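*Asks:* So the chains spell out like this:
2 protein chains.
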Amino acid sequence: MAKSTKTKLKVTPLGGINEIGKNMTVYEYGSDMILVDCGSTFPEDDMPGVDLVIPDTSYLVKIKDKLKGIVLTHGHEDHIGALPYVLKEINVPVYGTRMTLGLVENKLKEFGLSTSVKLVHVEAGSKIQLGAFEVELINVNHSIAGTVSLAIRCPVGLIVHTGDFKVDYTPIDGEVIDLGRFAQLGQEGVLAMFADSTNVERPGYTMSESVVGETFDRIFAESTGRIIVASFASNVHRIQQAINSALTFDRKIVISGRSMVNVVNVATELGYLSVPDGAIIDVDKMNSFPPERILILTTGSQGEPMSALARMAASEHKKIEIMPGDLIIISAMPIPGNEKMIHRVINELFQKGADVIYESLDEIHVSGHACQEELKLIHKLVRPKYFIPVHGEYRHLKRHAMLAESLGMPPENIFIPDIGATMEFSETSCKVAGSVPAGSVLVDGLGVGDVGNIVLRDRKHLSQDGLMVVVVTIDKETGTSIAGPDIISRGFVYVRESEALMEQAKAVVKSVLEECRNGKVREWTTIKSNIRDELKKFLYEKTKRNPMILPVIMEV
Amino acid sequence: MAKSTKTKLKVTPLGGINEIGKNMTVYEYGSDMILVDCGSTFPEDDMPGVDLVIPDTSYLVKIKDKLKGIVLTHGHEDHIGALPYVLKEINVPVYGTRMTLGLVENKLKEFGLSTSVKLVHVEAGSKIQLGAFEVELINVNHSIAGTVSLAIRCPVGLIVHTGDFKVDYTPIDGEVIDLGRFAQLGQEGVLAMFADSTNVERPGYTMSESVVGETFDRIFAESTGRIIVASFASNVHRIQQAINSALTFDRKIVISGRSMVNVVNVATELGYLSVPDGAIIDVDKMNSFPPERILILTTGSQGEPMSALARMAASEHKKIEIMPGDLIIISAMPIPGNEKMIHRVINELFQKGADVIYESLDEIHVSGHACQEELKLIHKLVRPKYFIPVHGEYRHLKRHAMLAESLGMPPENIFIPDIGATMEFSETSCKVAGSVPAGSVLVDGLGVGDVGNIVLRDRKHLSQDGLMVVVVTIDKETGTSIAGPDIISRGFVYVRESEALMEQAKAVVKSVLEECRNGKVREWTTIKSNIRDELKKFLYEKTKRNPMILPVIMEV
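Chains Z and C supply the protein sequences, listed in that same order. For the first sequence, position 8 (counting from the first letter as 1) is numbered 8 according to the working numbering, and the numbering increases by one without interruption. For the second sequence, position 410 (counting from the first letter as 1) is numbered 410 according to the working numbering, and the numbering increases by one without interruption.
Chain Z with its partners taken away, still in its complex shape (with noise of 0.2 Å):
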């Protein structure tokens, strides 16, 4: 026991808190270190050209002796997509379930790393001995199969650590979330939960998946023509479900999409996705049944411009096109930031005739997060000693915290850190004890954080008012340009009927040359920025734009 009172165990989320995305979080006990999650997030508007973030992990790279496995809870991108990144660095065994390793397994093979890794399944139920860390996986329903929730246990006390989840008492795969493991838990004593804050903000309970089955059915029952539901590939359930009132109303399946395909073979595969021989028809023989017996299932829920859904709606889809009498569902919600893209392909569809079902108007979607009646009665069956919301931007962090306020829990039991924060737990204890390096990492191509701020500066520079570059050559000896003034636009403005300024802008940057030859000024620099200087000035008025103007000299 000893020991158990000096050696604390500390828990440090590299993200998921105060943004949505790239779920990371360390736990640290003694010698030995496991990592939950490894995910990435979406690059921001104010990010342009960045393909993809990803957390910082020098923190873990400089201690990955320690590290005994990564734990994943499931396989969206949140919580794998950093995977590749960190795997390159570290070399340590991958644990989930079948569907996250199906998943993970894809996405290493892309980056060449699938023979190297070693992935070990585990179930729901089952336990993982990691060092001193005990890790046991708890069943829970999501928007994926395969969901679970841990009970990371270490000689320090029993953590809950819930990922993403919700209750589903009617799931389609019948596995509903294991409430009486999350009771025994608590009676058992919890030391602390860190637990999805996602839907935090909506009142009552998220509507069960199989929902969407029964307005499926409705909408399949009605309709006289060819079906195309959109989802994401990952929504397995969802895509069963669609399946299903396929087989009802006797209409072949055709997928779509190469992230469809994908998953629909892997799902499969692992016995998550049940489908008859002979279901499934390759797109080539669509053809050969009539539009009623025919149902789509495709990418492009998010509006995706290079989705299967969008090149459709453009008529750029090489095999599919959309005729008057197709009926769309768009079974998903716009993520934050996607509206547009969304309503594009929306206003595309219906003006090749087709109907659209989307949004708020059916029953077509569920989420995959616990809202706030759901929340509670986590909560209230698994009675933390302390919490720690986490997966959420800073007001859903704080309303999760005032609902637990709001169920009996002290204030001072609640810890909002931010991302990097150590906690440090005893039995009795916790705080915040420091912090480690930690934000965002930007992936663009190959570069792995070579995209930092000054380069991002400049793109949104450039992509506001373009740019103007000016050369001039120079002679060594006397300092008299020799040839140029030349000017190049991009962006700026369309140079053909812009002539005139093009000329004035010439002469303002002879008459800097002129006046720094005469005052005898030969750095350079200074008479750079004198064009630069000058050039601004005049462009500004002209135009009020503020192009980059990048000057290069030339000395022959």
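No false leads were slipped in.
Treat identical chains as interchangeable: a pair holds within one or across any two.
The list that follows gives simulated cross-link-like pairs (lysine-lysine, DSS-like), each with its CA atoms no further than 30 Å apart: (1) K536 / K460; (2) K506 / K528; (3) K62 / K544; (4) K88 / K544; (5) K352 / K385.
Please keep in mind that the hints were generated in silico from the structure rather than gathered at the bench. Model, not experiment: these values are computed from the prediction.
Fit chain C to the known structure of chain Z by using the hints.
*Replies:* Chain C in isolation, oriented as in the chain Z frame:
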């Protein structure tokens, strides 16, 4: 009668169809023309650097001698924002209610146009004769005071042009939409109706503005700290209700944000806003009152980065600092695309210890547009022979057309034209007869229309991967390079960490120059395009990025 059957009424929307915003419709009869509304819209995400979008008015300018006047339905930007640009080209009288013209006057002042334009006050219930057109203003409810629908008469028949509207039986100013007049027009016989489709996706009724006042009263009654209400400055009734609650609960009022100050001044002067003397205090006097005696009315309900509320949230406001205990009410719904900006502000406010009421958390906002049941009411009162849904994206127009059909209107009497399409009416017919130039003109700084597809394409390219400028000086006589290649990059990679890459890039350029010299290639365009091709290939292979490459060759 002979003449009226020969001369057709031509109606051409130049904006506001298949889009939200830039509402503008041309009515022509023989040699007479009127323009209804003159709106602008926000730039789309794929228009970086653009400040404002206005309709293409080349058709209008071409036949400007026919234009008798511009009639405005209300003072929102999507109905008046393009006025300064049109009035610079065509100086005609502008007609509108006092509130509308008050806002127009402010706008024209900014453009230095206020003295040259004739503004004519007309109130709901009165009529204007403009050539062959008689235009009657009918009071309706909307989220700005002084909003009217138009009944437009010419020898061909009577057109009802609703503009934006909703039905509010308990509006703040007591001026209920003039349903009786719509019914009379219906009795008289309406040839066609152009009607607002913004909220056609929403079932039921839009709640009365007075609901918000009741919520304000309830919140104010319970609040013991400072209250800050953020809303659109132009929503005078909303502002009146916040002021009323402040008066009821003995709070002084501070006005913050340039447009809020402007609108409160205009609306008070014109009698749309009633504020007792001494109720409004200067922000500098705020600290002589305890927090529970203060209401701050501010702009920034959309999270606009430069708005007063965003500056308060970011601790950048000179006079107002957010404190724990403050309650912020964001009394508006996010315009699609603004969600992330608003959420950022809300997060910051919570982090400063304030409480925030927003979005659907309470009845703190109602829409300004008619929902399905209100639309049905107007359709049934007006009973037009032809119907043209306007003010919406295609999905809205289509659904509005379906709503009209469901009320019994023959589908062949419903038209969804595109902008620029001319609808030709006789006393007994309507058809689409040709089209005129129409589209979007982009305003960037002082430039109107000089930013087109090429400039935007370049800006987008630059924002994604930045650029690389390559400069070489070549001897005119020998064709050998005598200075350079120099390479400058911006927005591509962080240069200090990429020196090796830059050196390799120079080597690529040198070898291209060498090859060109050996092959006697002397055409600059060929040399440049070779440099571009080789460098592009090299950089993509190394980085999977595609910066814009600008080769410059100087000849001495």
